[in-house]
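Based on the provided sequences and hints, a complete structural model is requested.
Note that the protein sequences, when read in sequence, are chains B and L.
1 is the number of the first residue of the first sequence in this note's numbering; add one for each residue after it.
450 is the number of the first residue of the second sequence in this note's numbering; add one for each residue after it.
Hint data in this document are derived by calculation from the structure and do not stem from the laboratory.
Since this is a predicted model, take the numbers as computed values, not measurements.
Don't take every hint at face value.
Taking beta-carbon pairs under 10 Å as the criterion, some of the chain B residues facing chain L (in silico) [stated by the list, open to error]:
hint : residue
1    : P84
2    : P91
3    : Q241
4    : G351
5    : E396
Rough simulated footprint, nothing fancy, chain B against chain L, three-plus residues with beta-carbon under 8 Å [claimed, not checked]:
hint : segment
6    : 480–486
7    : 563–571
8    : 583–594
9    : 597–611
10   : 654–661
Here are the computed distance ranges between Cβ atoms for each label pair [what the hints assert, rightly or not]:
hint : chain 1 : residue 1 : chain 2 : residue 2 : range
11   : L       : G586      : B       : E431      : 20 to 26 Å
12   : B       : L161      : L       : S479      : 36 to 42 Å
13   : B       : A85       : L       : G575      : 17 to 23 Å
14   : L       : V615      : B       : A85       : 16 to 22 Å
15   : B       : E431      : L       : V615      : 47 to 53 Å
16   : L       : P612      : B       : L376      : 58 to 64 Å
17   : L       : G636      : B       : L161      : 44 to 50 Å
18   : B       : P400      : L       : G575      : 54 to 60 Å
19   : B       : L161      : L       : G575      : 41 to 47 Å
Just so it is clear, CB atoms sit at the ideal spot from N, CA and C, and this is done for glycine as well.
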Amino acid sequence: MRALASLALAALLAAPVRAQQAPAAIDDDDDELLEEAAAAAASNPTAAPGYSPATAAAATPALRINGYIDIGFARAQGDGTSFPAGDERLPADYGVDTFAPMVNSRGDVASTNAGGRFTNGFLPHTVNIGGRASFLINTVDLDIRYAPSDWPVLLFARTQLLPRFNSSDGEGTRVLVEQAFARVQPFAGQELMLFAGKLDSVFGVEYLENEANLRTGVTPSLLARYTTGQPLGVKAFYRLQITPLWSAISLNVAATNGGTLVDTLQPQSASLTGVPVVSGRLGVEVNLRKVELKLGGSAFYGPRNDQHNQDVAQRGFGADARLILGWLALTGEWVKIDQFAGAGDKDNGLGQQTAVSGFHADGYYGTAALALPVELGALKKITPYGRYSRRHAQFEGFTPITVDAVAAGLRIDIFDSLALKGEALFNRELEGAPQVPNNVYTSSLVLSF
Amino acid sequence: MKALAARTCPLALGVLLAGALGSCTGSQGSPPPSKLWTVEDLRSAAQAGKSLAGIPASNFITLRTQALPYLSPPYSDASLAERADRDGLTVFPAFSEGHTAAYSTTEVWENFAAVWVQPLYVAINGFSNGTPQFAAGTAAIFSVGTRTRFYSPYWQINYFVLPADVDASTFKSAKQVLDSGYPIIQGRGTLCVLAPPDVHLAEGSGSDATVRPLFGDPLPINYAQGYVDGEVVSYIDFGKNRFTWNPQNNVIDEAALFELGLRADDGSLVRLGLPNVGGTGPLFSNTPARVTGNLPQFGSFWHLYTAFIPSGSGIFVPSSRPALKAQLLSAAAGAGSTVTPPLVPPIAAQIEARADAAQYLLRVAVNPGCFQDPAGFPQSCRWLDSQAAVEREIPGTLINDAALYLTCSLLAYNDKAVGP
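Structure below.
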């Protein structure tokens, strides 16, 4: 009942505005679509080079500023963590899924408070609301892009403000440079793009929905932690259109500091080993009039960037598929990751830790979304959606755990600049991990500008 | 301008990409390994003839049918072999707080910042006069096994309280206990070493008992079985209240363990096989000994230090042990150490005749002239037989961190056996 009340309260916050843009290619020159280039990449998920704005047309100003604000309202069960009462095993984060009780598109969880027990750095960021219902400013996003008309170059910086409360430091706002890159498209008429800077991941497809205004639902999948980081390095994207077949083949490769894991698990701003992580995705797409099919295979390999020995490796493999049939969009992704054991110098986005434990995980998710166009004044689209994700993981010598999560929700697009989303996230501990009440009821009001 | 960009930008990006991929050199060096050797690992290493941190694994464990060190010459008159059906953890003679002691090493941690207490679950039906009433069929349920570097033989007992009509024998994993929702009451610490069932403390051929080297008194110990994640495991039970920990972070309190030796000509330590000296707390911490009865609450989790014996020191070896004396001198000379004679000085006949002379065997005095002072012996000797004495008599610069933590539960303390 409280969950329904939470969703209803969030719904009341909404005001009728425009709907989300229709699907379009990332390199579309239509001026109207420039603002929504990334949204286009997400809603028409071709093998896009990541969330990067399209090259400005000559008529558009060289310097543009965009962004969004994501306001949330969420409540998690229990104490907002996945730590069961009475579980004194150490490290506390090895025998449970600390990432499960997510409340927003960033994957932030309601709480990571382990009750003073020792953890070893397998934690997400947190909004520190515990098991209490709370309003949140999930993200204040500011995008600055500069695209001179006489150079095939684009400069892009995405800065985010993340206001958070925590009991030890009180109120604080973290400033995050989530992306900052230069992009060059050297050959006109060729879909070859070269990037340098802090970029989107190239692994899989879930990174396309990193931003709250792009994600259909509220929370990411249980596998997002491995594929949706924003690494720092260089990247190349190439796509070959096979026009007679209404098809295209794309290749996206990167050499970066931290690979594709999220920043708490692997720092991105510095290479701790001096050797980059190489990642890539090979994609095939078929774009018919009413059916779009996209398939991809991804991999990464390199030293773990949460320690300092270049011989301690990590690797990952993935496969993704997307099918768009009219209003219906289906997405599925499988991910497997292996991180090998190192010394006692674990050092990640949460600070210095202890042992570099071997870690292995695999899992998958599937989503279904039905985007129903509704032309009722400001109301543009209603999208019911659902996602099932399942993850199996084991730290070196620890009990392997299997968890799954079912997310069900509704997205309402009003005008072009406002989206209201409500979601119920049901987390289950299937094997290994003790049962814990950690379901989440969350909502998000995203205003884009 | 565009043409220029088309030529230069891809070149620049290409250089960047190539640079990133080609910059795989210039490493600052790998961090030192962070390793844990459990009993099973120690045995495997001994079987393979390997060393750990420069110490032969066979020092810690005697493989079946092999001669038991400290129970064979030169420490005893006759050779005694380990049982043919088991491997035996070496029982080391030691000194602590000015008295003889003994211990076995069951785990070795190299380059670890800390070791933590882990929960162990035991089913009870309640308490009677403060004593837990164990549920029928219950067994220890360990929360982690030995394949993680966060394994620890230091457990805090977590009693879970079952109704009398619930079968305790069905509980075999931490998940089962936590999922059951039965109340959990935290108890004391207990030292239980997970070990293969065919590894015990050293037991001589034809014997089921472990005895203390040099003295021969029995050292009682329990062997039992429990569960990890539903699987049966064997463990050696060293008993409750054998260690302490910081309740704020669950880190085990360490105590210093000193390995005494000579300084070789190249500055390295020459190991003589002397009994180690067990302390009561961290180095230079002046921690008082915590003892209940003859049960020390320290001396399970040691931080190993090497310490150079001061020049002019002497080792107490009665003339009745010529082979032992010869071995010491041989070890000292063979490793190129600088020996200030006499390393093993003569002992007055009246002192050798003392009933307690064996208590001082292999003890080091920094003023060995006291071995010729029957009237003042043993008080006139400045022995290196306690943490306080080592820290007082040996300059801090000659005490070096070996970067090893050891589980060396005291089996004897204050000249007597310690029982679980």
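For this session: Sort out which numbered hints this structure fails and list those numbers smallest first.
Result: 3, 4, 10, 15, 18, 19
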